[in-house]
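Last residue of the sequence shown: number 186 in the UniProt record's numbering, and the count goes up by one each step with no gaps.
You may find that some hints are simply not true.
[What the hints assert, rightly or not] Derived DSS-like pairs: lysine-lysine, alpha-carbon spacing no greater than 27 Å straight-line: (1) Lys57 - Lys120; (2) Lys168 - Lys126; (3) Lys140 - Lys168; (4) Lys140 - Lys126; (5) Lys120 - Lys140.
[Stated by the list, open to error] What follows is a list of derived Cβ distance ranges for each label pair: (6) Thr70 - Asp116: 29 to 37 Å; (7) Cys69 - Pro127: 38 to 46 Å; (8) Arg134 - Phe5: 19 to 27 Å; (9) Pro152 - Thr70: 22 to 30 Å.
Keep in mind the hints are simulated off the structure, nothing from the lab.
Think of the CB as a built atom: it goes at the ideal place given N, C-alpha and C, for glycine as much as any other residue.
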Amino acid sequence: MSNLFNRERRRFEAFIRQHRPSLLGLARRLCARSSLEPEDLVQETFERAMPEFAHLKDRTDSAAAAWLCTTMTNRFLDYCRRQRTESRGMPHLALVQDLAVSPEETQENWELVSTDAFQKAIERLKPHLRDAYRLHAEGKRYNAIAEHFNVPVGTVGSWLTLARRDLKELLLPQVAVAREQGATSS
Numbered sequence: 001m002s003n004l005f006n007r008e009r010r011r012f013e014a015f016i017r018q019h020r021p022s023l024l025g026l027a028r029r030l031c032a033r034s035s036l037e038p039e040d041l042v043q044e045t046f047e048r049a050m051p052e053f054a055h056l057k058d059r060t061d062s063a064a065a066a067w068l069c070t071t072m073t074n075r076f077l078d079y080c081r082r083q084r085t086e087s088r089g090m091p092h093l094a095l096v097q098d099l100a101v102s103p104e105e106t107q108e109n110w111e112l113v114s115t116d117a118f119q120k121a122i123e124r125l126k127p128h129l130r131d132a133y134r135l136h137a138e139g140k141r142y143n144a145i146a147e148h149f150n151v152p153v154g155t156v157g158s159w160l161t162l163a164r165r166d167l168k169e170l171l172l173p174q175v176a177v178a179r180e181q182g183a184t185s186s
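Model the full structure from these sequences, guided by the hints.
Laid out in structure tokens, this is it:
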């Protein structure tokens, strides 16, 4: 069973190596004027191809490439539609938010946290979260971090979410103290 899995994994990896360059070129053209990263779009396309690989591997190279390009284009269009919908809804969301929450409650005043306090909070993170967070802060993409740790890309996303949550929990008390000190000195 594991030999079959390993053989299929190697075939899928070869499939990725074969089609990745052309997909990346298309992704760069599609993403030229958007905030979506071409690498992310390619990754999502291969993630969608994985469950379909049993059917894709039996197709000709050009048919498989066409399926991948169509899937990538559709994914990109979905992203654009979502961005358009969100940007159209933003003014309305801001109005509702203004009515529902006072400005003091929406701002956490992160500028009140010193660089030293921030670095100390990073040091208190679990080692894998700290290392993933630092790599991401250095500009590494999820794929590169995943390769570094030899874990799936989704795991990296989860780790970064946890790191941000833990940093917020560590730093919120300092923000509250600094806010109180600012209020008493005014």
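Here is what the structure says about each hint:
no.: 1; hint: Lys57 - Lys120; in the structure: violated (50 Å)
no.: 2; hint: Lys168 - Lys126; in the structure: holds (14 Å)
no.: 3; hint: Lys140 - Lys168; in the structure: holds (22 Å)
no.: 4; hint: Lys140 - Lys126; in the structure: holds (19 Å)
no.: 5; hint: Lys120 - Lys140; in the structure: holds (22 Å)
no.: 6; hint: Thr70 - Asp116: 29 to 37 Å; in the structure: violated (51 Å)
no.: 7; hint: Cys69 - Pro127: 38 to 46 Å; in the structure: holds (41 Å)
no.: 8; hint: Arg134 - Phe5: 19 to 27 Å; in the structure: violated (33 Å)
no.: 9; hint: Pro152 - Thr70: 22 to 30 Å; in the structure: holds (25 Å)
Violated hints, listed in ascending order, are 1, 6 and 8; each of the other numbered hints is respected by the structure.
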